[in-house]
Amino acid sequence: MMDYQQQLDLQAYLDGELSEAKARRVAAWLAQDAEAAALAIELRQTRSAVTGYEKEIRLPESREFYWSKIQREIQRQERAEPNAERLPEWLKVIRRLLMPATAMAMVAFIAVMVGRQPTGIPSETALTDTGAMTYRDFEKGATLVWLSYPADNEFADYEAAMFE
Amino acid sequence: MRPKLNAVGWAGLMVCLLAFAGEGQAQAAVLKLEAQLVWGTDDSKPPAGKNYQPVQPELKKKLKDLPLKWSNYFEVNRKSLEVKAGETRKEPMSDKCEILVKHLDNSDLEVSLIGKGKEVMKRRQSLPRGEILVLGGNAPNATAWLVILRQAE
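In order, the protein sequence lines correspond to chains A and B.
-17 is the number of the first residue of the first sequence in the working numbering; add one for each residue after it.
-7 is the number of the first residue of the second sequence in the working numbering; add one for each residue after it.
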């Protein structure tokens, strides 16, 4: 069973892309390996089928003239771009001033939006392992957060912790 | 190539100005809150030597609607606090228990519970008028401590 690299070597061999030494090795391998030989035949047939049926395009003018038209069109578009910048001088000044202002405004806007806290959605962050459980009754408008604080081993001084 | 200011740029500028205006308005808002430290118990009286008063009936009913098992609730302490949008207020509820309230926007809050100087819980949520946020835990002799936060009437 051929591996992927062997298949690539075979394709390169058929395309004439291998060095002389490597091409000799592949040719020797092809002569001994029936599977490789079968793949080589299939690849040759595929190549001939593709090249044989490739549609030939005939240009209405000479090759040189055709490419010169493409070149002229590229040059025309490059010249057209600066023409679009013909604006009154005062407008150019305003645009130059507004560009940094707009950039600052965009940055400030993003900062404001990022800085805004999410609304309406409760979220909880337990900074210590309190084992908090949350119960929310939307209808009654009540939220209960039950904590295991003070921890069991602190019950002795609980009142001192919470009430005193 | 020179930069171009197009409609998107102008729109960004306008939106930003509006956002700043809105932010300024929110900054002016003040949230008036009421915080209560409550003791939950099945006893009909407060502990000996303590003059704790029963919580208001309306609050007692709200607590009854929660999955809490105690039949009586006594107010240990009550504090009123006003927090401007964007600001944080620290309010001691007892010598060793305090809450930290940050007013985020409108009725949105960030509440931290501090016990013995340590932040034991931080929660962020909306607290519209009429709603309550109850932070609680078990206490000795099958009782409970509660910190109840709500908008002042």
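Treat each hint with caution, since some may be false.
Subject to a maximum C-alpha distance of 25 Å in a straight line, what follows is the list of computed DSS-like cross-link-like pairs (lysine-lysine) [said to hold, decoys possible]:
(1) A:LYS122 to B:LYS42
(2) A:LYS122 to B:LYS56
(3) B:LYS94 to B:LYS24
Computed from the model, here is a short list of chain B residues facing chain A with C-beta under 10 Å [as the list claims (entries may be wrong)]:
(4) PRO49
(5) LYS71
(6) GLU74
(7) LEU105
For the record, the hints were derived by calculation from the structure and aren't laboratory data.
Remember, predicted model here, so these are calculated numbers, not experimental data.
Yeah, the Cβ is synthetic: ideal placement off N, Cα and C, and Gly gets one too.
Structure-based check of each hint:
1. A:LYS122 to B:LYS42: 31 Å, violated
2. A:LYS122 to B:LYS56: 11 Å, holds
3. B:LYS94 to B:LYS24: The hint holds at about 12 Å.
4. PRO49: 15 Å, violated
5. LYS71: 14 Å, violated
6. GLU74: 19 Å, violated
7. LEU105: 7 Å, holds
Checked against the numbered hints given earlier, this structure breaks hints 1, 4, 5 and 6; the rest are met.
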